[in-house]
Amino acid sequence: MAEQHKSEFSNPLINWIDTRLPIFTMMQKEYGTFPTPKNFNYFWNFGALAMVTMMIMIATGIFLAMNYQPNAELAFGSIQHIMRDVNFGWLLRYVHQNGASMFFIVTYIHIFRGMYYGSYKSPRELLWMIGVVILLIMMATAFMGYVLPWGQMSYWGATVITNLFSAFPIVGKPIVTWLWGGFSVDNATLNRFFSLHYLLPFVLVGVVFLHVAALHVVGSNNPLGIDVKSPQDTLPFHPYYTVKDSVGLCVFLLIYAILVFFAPNFLGDANNFIPANPLQTPADIVPEWYFLPYYAILRSVPNKLLGVCMMFGSILILFVLPWLDTSRVRSARFRPIYRQLIWVWVVAVIVLGICGAHKPEGIWVVLSRIGTLYYYLHFLVILPILGKLERPLPLPESISRPVIGGGGPVPSGATARPMEKA
Amino acid sequence: MADSTAAVADHGHPDVTKRDFLKLVTGAAAGISAAAAAWAFIDYMNPSRDVLALSAIEVDLTPIVAGQGITVLWQGKPIFVRHRTDKEIKEAEDVQMSQLIEPQPDSQRVKAGHDQWIVLIGICTHLGCVPLGNKPTDPRGDWGGWFCPCHGSQYDTSGRVRHGPAPLNLFLPPYAFESDTKVKIG
Amino acid sequence: MMRRLHHLLAAVLFAAAAPAWAQDAPTPPAQRWSFDGPFGSYDLAAAQRGFQVYSEVCSVCHGMQFLHYRDLAGIGLTEDQIKAIAAAVTVPQGVNDQANRAAHNGALPPDLSLIVNAREGHADYVYALLTGFADPPPGMQMQDGMNFNKYFPGHQIAMPPPLQDGRVTYADGTPATVEQMSHDVVTFLTWAANPEMVERKQIGWRWVLFFLIMAGLTYGVKRKVWADVH
Chain X
716 MAEQHKSEFS
726 NPLINWIDTR
736 LPIFTMMQKE
746 YGTFPTPKNF
756 NYFWNFGALA
766 MVTMMIMIAT
776 GIFLAMNYQP
786 NAELAFGSIQ
796 HIMRDVNFGW
806 LLRYVHQNGA
816 SMFFIVTYIH
826 IFRGMYYGSY
836 KSPRELLWMI
846 GVVILLIMMA
856 TAFMGYVLPW
866 GQMSYWGATV
876 ITNLFSAFPI
886 VGKPIVTWLW
896 GGFSVDNATL
906 NRFFSLHYLL
916 PFVLVGVVFL
926 HVAALHVVGS
936 NNPLGIDVKS
946 PQDTLPFHPY
956 YTVKDSVGLC
966 VFLLIYAILV
976 FFAPNFLGDA
986 NNFIPANPLQ
996 TPADIVPEWY
1006 FLPYYAILRS
1016 VPNKLLGVCM
1026 MFGSILILFV
1036 LPWLDTSRVR
1046 SARFRPIYRQ
1056 LIWVWVVAVI
1066 VLGICGAHKP
1076 EGIWVVLSRI
1086 GTLYYYLHFL
1096 VILPILGKLE
1106 RPLPLPESIS
1116 RPVIGGGGPV
1126 PSGATARPME
1136 KA
Chain P
158 MADSTAAVAD
168 HGHPDVTKRD
178 FLKLVTGAAA
188 GISAAAAAWA
198 FIDYMNPSRD
208 VLALSAIEVD
218 LTPIVAGQGI
228 TVLWQGKPIF
238 VRHRTDKEIK
248 EAEDVQMSQL
258 IEPQPDSQRV
268 KAGHDQWIVL
278 IGICTHLGCV
288 PLGNKPTDPR
298 GDWGGWFCPC
308 HGSQYDTSGR
318 VRHGPAPLNL
328 FLPPYAFESD
338 TKVKIG
Chain E
246 MMRRLHHLLA
256 AVLFAAAAPA
266 WAQDAPTPPA
276 QRWSFDGPFG
286 SYDLAAAQRG
296 FQVYSEVCSV
306 CHGMQFLHYR
316 DLAGIGLTED
326 QIKAIAAAVT
336 VPQGVNDQAN
346 RAAHNGALPP
356 DLSLIVNARE
366 GHADYVYALL
376 TGFADPPPGM
386 QMQDGMNFNK
396 YFPGHQIAMP
406 PPLQDGRVTY
416 ADGTPATVEQ
426 MSHDVVTFLT
436 WAANPEMVER
446 KQIGWRWVLF
456 FLIMAGLTYG
466 VKRKVWADVH
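Chains as they are written, first to last, in our numbering: chain X, 716 to 1137; chain P, 158 to 343; chain E, 246 to 475.
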């Protein structure tokens, strides 16, 4: 018989469970005493916020599914039933609908944190790549979820995006027929989108588990981008970061509540209040805001197949970011040129988003082409070259030195230390 | 530092000193708000407004002649509404309590002034089948009431069980007469 | 450089303000509604008058499939009033979309349950539409059977002007001008599209206040916990 794990909890019931399945020990280790860099800023809150949002989406989604009918004749009406007749149905629906937007807001900021502070660099490359997988699953889930209300934008957005796959030579049209389960977006498509929309969030839970596990193998990055040198550089996650995360959580929930209760349809499209009509296309087919930059990239290229490749490529390129960026320094704090250029990239993404909301004509086409070019330029040209040419600022000796007492005695050799290998 | 971490690590039993009061208030507020949020989910599963709108139905009695019975659906259950003839009423009233499997006088099973109307939940108290007796061609059993084809239970004109295996009389739904010709069930 | 970037960002966002869809019709002028803003509620008297306008004028062509008669309690009607209204309604036989289109110049009158949400400009737009019928400007070629409207995209709408002064006689004696009827029916239609709004805003204030206070409280706890680190 294998050696039993020895638990030392004061509560006898917890001890009994833990001896047989050490979940409490695990929680204590990973979220209790886990040594976390002491110099996190509030950007480090967003991963936890994403996890909370994911749980809110799953909870509200499961309850909404109790009343939703995934049938083309009944779907729109079932959501009206939820909004009007089911107790607090309107609340769960608006929390779920706006939760999608909140999920993308926190995830995009979380990704930006990674890009700014070099969290994707060695030894966190796989952690980053798992994160990109999370983003892809989120996007698939959100896309299918938007189809479910079966409004005009649900139907036509689904039609446009699924039609994109026909761009692929030879296999394109059969793939689209296979996706649809028919000859157009119809009941078969709706049914399978509902099934997959219910499934993917649980796949997401698994991938998020891997994401956190990968993180805990190497430990967190920090705003300085330098490694933890000693226990003095860290604090136990609980209570320091549990309490700090709860502050961020309150601010997050405040913004979320304002949206849900006072402007629930602000981020949505009026057209989706019209039941789907296969015989009438809306004047403008526009995806939800979080897809607008990719939509702009797609439409900036006159060639259909190339547009599709550029659009998917804009996310796939994130997978290889750890190898595109040649800089040995992690944090943008010590990279004077990169820290300006990353903001230019952010502006490019925002400009692309605005272009995505407009008809692809006139200045919007020009801007989206410039935006697309710059987006790819940033990853394929600027990052590889910048790492070689940029002269980074000298890195501090350790995390605890700059933090304690606002600067303390610094050894004379600190400013001349060689750069840390990323 | 050691004190505060020890105090917080001792789950659920912080020392209520002045500096921990803030933590207590914050924790309590968080708990109450979590309960409020949980209530939304729980109430979500309660019957929705359209279901509640059907929780009571009104039945027009004018088309039901003496000796005739109809079946209506209320809250998913069959309801027998029968217009009893004078003979059927008398038979129901004259029964001795000792003859009944579940003794109950007819007067307790009808509304005063409306004893020609018997309103019953049409579910056999044995294992839940719907007894026959409302259609003109249905068998009514030896006591003129209802006959359950599943295992042979028989009920009289008051809906009382007279022949098993059913153990109890047919149940009564909540109902009230809005007028002589309209009854509200539920 | 950062400041210049910020200015650029602001300029770009400002230029992006006008959405693509408003290009072929003017923006409807902003009206003042009882339901505006975080403290808004429904003027029930207006909503009831609006329901009268809907029943007597609009319902001839426009359905409201997602509104139930029992929902009318939400604009203050009693159970007896609702029963009377429901009893007086006869369901027309043999009406389908094709017949409806034929009767209306090929256009299908949209269901009105969600119309206020389903149009950019929302209540302001629907009000502008109802009060925006006019003679076409000189030189404009109107298609057969179409009517000129200032705010309808493309300016040619199949619906003829539905309201004229005095079209409806209000039970409470309010003069039934086109503006008044439009205002009332838009109030009713906004309620019909968002019957939960008042409860939603009330609950919303509680949660917003709660999160504001909790943010302060948790921040206080955070400072205490982190006191020995800083």
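Derived by calculation from the structure, the hints in this document are not laboratory data. One or more hints might be untrue.
As the list claims (entries may be wrong) - To give an idea of the chain E side of the interface with chain X (calculated C-beta under 8 Å), a few residues:
no.	residue
1	PRO283
2	TYR314
3	ILE327
4	LYS328
5	ASN362
6	ALA363
7	VAL443
8	ILE448
9	VAL453
10	LEU457
We treat Cβ as the ideally placed atom computed from N, Cα and C, and that holds for glycine.
Verification of the supplied hints:
{"no.": "1", "hint": "PRO283", "in the structure": "5 Å, holds"}
{"no.": "2", "hint": "TYR314", "in the structure": "13 Å, violated"}
{"no.": "3", "hint": "ILE327", "in the structure": "16 Å, violated"}
{"no.": "4", "hint": "LYS328", "in the structure": "19 Å, violated"}
{"no.": "5", "hint": "ASN362", "in the structure": "4 Å, holds"}
{"no.": "6", "hint": "ALA363", "in the structure": "4 Å, holds"}
{"no.": "7", "hint": "VAL443", "in the structure": "11 Å, violated"}
{"no.": "8", "hint": "ILE448", "in the structure": "6 Å, holds"}
{"no.": "9", "hint": "VAL453", "in the structure": "5 Å, holds"}
{"no.": "10", "hint": "LEU457", "in the structure": "6 Å, holds"}
Hint compliance for this structure: hints 2, 3, 4, 7 are broken, all remaining hints hold.
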